[in-house]
Every structure is written in C-alpha cells, then in structure tokens.
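Numbering-wise, this note's numbering comes out as the position in the sequence shown, counting from 1, plus 525.
No wet-lab data here; the hints were simulated from the structure.
All residues carry an ideal CB built from backbone N, CA and C; glycine is no exception.
It cannot be assumed that every hint is accurate.
[Stated by the list, open to error] In silico EDC-like pairs for lysine to aspartate or glutamate, Cα to Cα no more than 16 Å straight-line:
no., residue 1, residue 2
1, Lys556, Asp698
2, Lys635, Asp661
3, Lys635, Glu572
4, Lys556, Asp661
[What the hints assert, rightly or not] Label pairs and their computed distance ranges (CB to CB):
no., residue 1, residue 2, range
5, Gly590, Val625, 31 to 37 Å
6, Thr709, Glu637, 20 to 26 Å
7, Asp688, Pro616, 38 to 44 Å
8, Asp688, Asp549, 34 to 40 Å
9, Gly673, Gly615, 39 to 45 Å
10, Pro679, Asn700, 18 to 24 Å
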Amino acid sequence: MTAIYTYDIFASLDGFASYDAPGDWGGYWGKHGPEFLERRLALYGEEQRLVLGATTFRQMAEMLGSIELDPVNARMRSLPTTVVSTTLEGPLDWPDATVVTGVDAIARLKEESPIPLRSNGSLSLNRALMAAGLVDRVQLTIFPVITGRTGAEPVFQGAADFDLELLESRTLDGNIQELIYRPTLHD
526 MTAIYTYDIF ASLDGFASYD APGDWGGYWG KHGPEFLERR LALYGEEQRL VLGATTFRQM
586 AEMLGSIELD PVNARMRSLP TTVVSTTLEG PLDWPDATVV TGVDAIARLK EESPIPLRSN
646 GSLSLNRALM AAGLVDRVQL TIFPVITGRT GAEPVFQGAA DFDLELLESR TLDGNIQELI
706 YRPTLHD
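Model the full structure from these sequences, guided by the hints.
What follows is the structure in structure tokens.
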C-alpha cells in the first residue's frame, strides 16, 4: 500500500509563504488563535513521518533548537523525519532524522512507509514532488493578511499546472481558512 503524502503549507491571502523585514508580522502572521493551535496539535498528534527539504530543515532546527517548544512544535520535532538534501549529512541535530537524496527516495518512501507522510513548508521540494505526481494532498492554510510589500517565497511560483479537487475545508478562529485538495497534473 502506498503511503499518503500531504504537502502542508501556510500562506498569506496573496500566496506568500513568509515575509521579509520590515514586515514584522510575527509567527503565523500574528493571526492564530486557539482553534488553529488545537487543529495543528491534532494533525501532528497522528502517527506520521515528517518530510523536509534541506532549507526548511535548517530553518526549523535553528529556530526550534533555541526556544522552549510549544506543544505543536514539540510534537513536530518528535516525529520520525526524512530530510531530502544533497548538502546535509547525518547525524542531524534532530531526534529520529535521516537524510536522503532526490525525488526517487521519496517515491521509495511512499511505497515502503506504513504511515502517512507530511511535509511542512519545503517549497521547492514539494513543487518537484508535485510535478512527479508524488503529492496526494495539498493542505493550504490561508491566513487573513495580504503581504504585497513584504511577502516572500511565493508558494506555487514555478510550479507545474494542476487541477485541484477540494476534499475538505474549514474555518479556524473565524478567519483562517484550511483547504485540503487532491492535485492532478493539468494536461
């Protein structure tokens, strides 16, 4: 049985995954509330393997290694993790993390894993995995902000064309939209 792979990404309404200074918005653009945090903890409470690209892994390891972890990030850090990289070598300063190289490694992992796979962020990795047909779900959480001046890292810039089938949608804290789609390459 093939493991389900979910590309889990946050974005501003105008499609940016993050922001540059001086756009000091704060984490989650400062818009999260208790429903959002409960939902994230529930998502990461499920048995799964985290898949990260090298850049996202480096950012998360630096950020999460220097602060007292909230329950969501503590749970995320405790998951078995696969890092896709040609520049990192093990052992990594992250519990239960392994390094693999290339999209083919994720194709093999999908075939072999008895548990679902979830990637948080890792834009370029997930664009490549989507183009290879390896992403089963895109979970897009849209925060109620427009970062036109300070937006950085367009989520789908340079991605292939996809048709999306909406599988689930929910509103969290009255203004955060979570949308879960099944992507298929557009012919």
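Need the list of violated hint numbers for this structure, in ascending order.
4, 5
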